[in-house]
Amino acid sequence: MAKKIEAYIKLQVAAGQANPSPPVGPALGQRGVNIMEFCKAFNAQTQGVEQGLPIPVVITVYSDRSFTFITKTPPASVLLKKAAGLKSGSATPNTKKVGKVTVAQLEEIAKAKEPDLTAASMQAAGDNADAATAAGADIVGFDDLAADIKAGNMDFDVVIATPDAMRVVGQLGQVLGPRGLMPNPKVGTVTPDVATAVKNAKAGQVRYRADKGGIIHCSIGKVDFEAGKLQENLQALLSDLIKAKPSAAKGIYVKKVSVSSTMGPSVAVDQSTLTI
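When you line the sequence shown up against this note's numbering, it's residues 1 to 276, in that order.
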């Protein structure tokens, strides 16, 4: 009979230097795990790695207080800073540059990260990144970007991820979720077709949801948009709503249409001027 899993503990521990001090001691101690047993096993497993290099480790704790663990490759951000000879990254990512790396160094880092690759292959991961960049994505990354997000660097409005990247993106839920930025397959932000998703986001794609009263609130543009563009956006929204009409819905589906600025009064729209 398989042992019951009590918890998964994720830490970053210096290669060959695990000891009872934080973060290892407190994390394992509260679970009743033999701390020194883990330290000896971890140090033995990472003795062939550059000593002191941060190694992500996932520890599985069982109900009988036994454990197993797996180690992963160092974070890409750590490898990039090491290659560039930096102690810390830029205080303003994507704005201020603090170092350079060569193509050869990037290839070495990619090979080092290959064991943790979530895509089907390195080629697939590279193709997704290239497709996103070509489609106009402002920021493209993976482990390094996840580390930036955890650090609070979030200079973006939409997050798009491939399904195989959700293993990493899912860990950002507490940061992205409250801001409404967590990727979701239902709204097209978790998709293998990243190029189309990026193009839609850059084109101003919006989401809508009906409240309990059947009222939908949705932005169709900004104050500096031309009147014709606003009308096109309104028409596109209405067309999408009609396509989503449930088969069981009877009678008049769209009863009233009103527009307003963010804080201004609403103005009723003559539906005879719209194609519904």
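Note that these hints are calculated values from the structure, not bench results. Do not rely on the hints blindly, as some may be mistaken.
What the hints assert, rightly or not - Quick list of the computed label-pair ranges, beta carbon to beta carbon:
(1) 173 / 85: 32 to 38 Å
(2) 187 / 31: 33 to 39 Å
(3) 5 / 72: 15 to 21 Å
(4) 224 / 138: 18 to 24 Å
(5) 103 / 47: 41 to 47 Å
For clarity, every value in this text was computed on a predicted model and none was experimentally measured. No residue lacks a Cβ here, since even glycine has one placed at the ideal position from N, Cα and C.
Legend entry - Satisfaction of the hinted span 41 to 47 Å by the C-beta atoms belonging to residue 103 and residue 47: Violated, since residue 103 and residue 47 (Cβ atoms, about 31 Å apart) do not stay within the stated range.
Inset, instruction - Evaluate the given range 15 to 21 Å for the C-beta pair formed by residue 5 and residue 72. - result: Holds, at about 19 Å.
Inset, instruction - Note whether the CB distance of residue 224 and residue 138 lies within 18 to 24 Å or breaks it. - result: holds (21 Å)
Legend entry - Range agreement (Cβ of residue 31 with Cβ of residue 187, hint 33 to 39 Å): 37 Å Cβ-Cβ, so the 33 to 39 Å window holds.
Legend entry - Range hint compliance [Cβ, residue 173 to residue 85, 32 to 38 Å]: holds (34 Å)
In summary, the structure is inconsistent with hint 5 from the numbered list given earlier, while agreeing with all the others.
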